[in-house]
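Chemist: Listed here are the chains, written in short residue letters.
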Amino acid sequence: MKLEQRKDLLGLRDMSRKEIELILDTAIPMKDVISRDIKKVPALRGKAMVTVFYENSTRTRTSFELAGKYLSADTVNLAVSTSSVQKGESLRDTIKTMEVMGFDLMVIRHAMSGTPHYVAKNTKMRVINAGDGTNEHPTQALLDMYTIKEKKGTLENLKVAIVGDILHSRVARSNIYGLKKFGCEVRVVGPTTLMPPEIEKLGVKSYFSLEEAINGVDVINVLRVQRERQQSGLFPSLDEYARLYMVNTKMLSKAKDDVLILHPGPVNRGVEISSELADSSQALINEQVSNGVAVRMALLFLMMGGARDEINN
Amino acid sequence: MQLREKNAIMDEMAMKRALTRIAHEIIERNKGVENVALVGIRRRGGPLAQRLAARIEEIEGIKVPVGILDITLYRDDLTTLSSQPLVHRTEVNFDINGKDLVLVDDVLYTGRTVRAAMDALIDLGRPRCIQLAVLVDRGHRELPVKADYIGKNVPSSKQENIAVYVQELDGKDGVVIQEIVDS
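Taken in order, these protein sequences are the chains called A and B.
Per the working numbering, the first sequence starts with residue 1, numbered consecutively.
Per the working numbering, the second sequence starts with residue 1001, numbered consecutively.
Be a bit skeptical, because a hint or two may be false.
Computed list of lysine to any residue pairs in SDA-like fashion (alpha-carbon distance at most 20 Å, straight line) [unchecked claim]:
(1) A:K39 with B:A1116
(2) A:K40 with B:D1119
(3) A:K31 with B:R1042
Example chain B residues on the side facing chain A (calculated, C-beta under 7 Å, incomplete) [as the list claims (entries may be wrong)]:
(4) Q1084
(5) V1087
(6) V1092
(7) D1123
(8) R1141
(9) L1143
Hints were generated in silico from the structure; no laboratory data involved.
For glycine and all other residues, C-beta sits at the position ideal for the given N, C-alpha and C.
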């Protein structure tokens, strides 16, 4: 298995189990690098990458940038809000500009599903999807899987519940695609208005009762409530949402004793997760963030570390 | 690339004797091993370092710290390799600051691996000195690198490959010269 023969990382849907395993295994020595006094290795010296985020982000963008720097790549952030995009430059022209400047890799986030796929087809640069609309957020799912594997020792056949706004969640989709490749039983739970009717076609079981959904699970992945959805009338109030779907310490007795709580952040305390649980040792929110750097280092190394001239597209 | 075995240059006993001699030399050169630590370069340097440590313990009664170094992220040929090497963990679980470190590898050839290993070590701390022990020195250096302890000097041609087998990874001990034959 060679990841360097893959030009882009657009989603976990079309990724093989072997490729995912290679990324997760490579992230282990990367995590060692981050824990040292000198957090830098020369592996990507002379490579350049640019992060282009058309949507806001704290952790994903910073995490990619830091991962690149720890590997000695030159990293640049295109600040979309102060760039020529505001003068009306088209996406295609922006990409071309980045390409001719000599970047080897572009990390892109966009509100429209499929944008990274379009970009990938129109550039020689390697492209990593950092979240596209409601489609996929593959690196978030990879770091979730890494975190689970690190704690449980395996991903094989675990029971995982994903809670919240399944309809709009790219994190949920990427997690489903990834976890299913390891034989996990994936359950999704949330309000009917936020549950896509055809979701079970992805091989998951949907629930409307939180209690039922978390019964006997190894992992609960709590999604962020996207407050902007409330305006669109998909759920009546944050209070009601919290009453029905907030994960708290009390209800964890339904799940396995050693259940892990994941949350991709940023956290709305008292809405999708209780403040007490978010700060407990079962919640791995901070571990997820630090593992995210290691997983992205692995990915950048595997995609940019090999010989360049063999890739044609 | 196909390889054909040409001749054996060390058997199990010869390897054992060479390692025993190197262990003695390390002790002698460093006037004891109180401040010595061994670091094997993945993969075959790892088991060789373990064996040297065991010999040193037999002779001196002192357990020296042993670590394993993965140099993949420090290689100078990453961008030209056609297939990508796997990255493994570096396991140096002791403080290397101020130590007299002995790097251990199976074969010394161009010297590029040793260069990468020294960079990797210096990112972990500041040893008092770094020495180099190899089971086989086959010549053809491309960098100014010289071994302090050598099991056997083996003049070789660039058309040949020197294969070191260790029990721990290969199920047998021995060193053989292989010829590269075009398939």
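Chemist: A separate judgement is required for each hint: does it hold in the structure or not?
Modeler: Okay, the hints, checked on the actual structure:
| no. | hint | result |
| --- | --- | --- |
| 1 | A:K39 with B:A1116 | holds (17 Å) |
| 2 | A:K40 with B:D1119 | holds (11 Å) |
| 3 | A:K31 with B:R1042 | holds (18 Å) |
| 4 | Q1084 | holds (4 Å) |
| 5 | V1087 | holds (5 Å) |
| 6 | V1092 | violated (10 Å) |
| 7 | D1123 | holds (5 Å) |
| 8 | R1141 | violated (22 Å) |
| 9 | L1143 | violated (16 Å) |
Violated hints for the displayed structure, listed by number in ascending order: 6, 8, 9.
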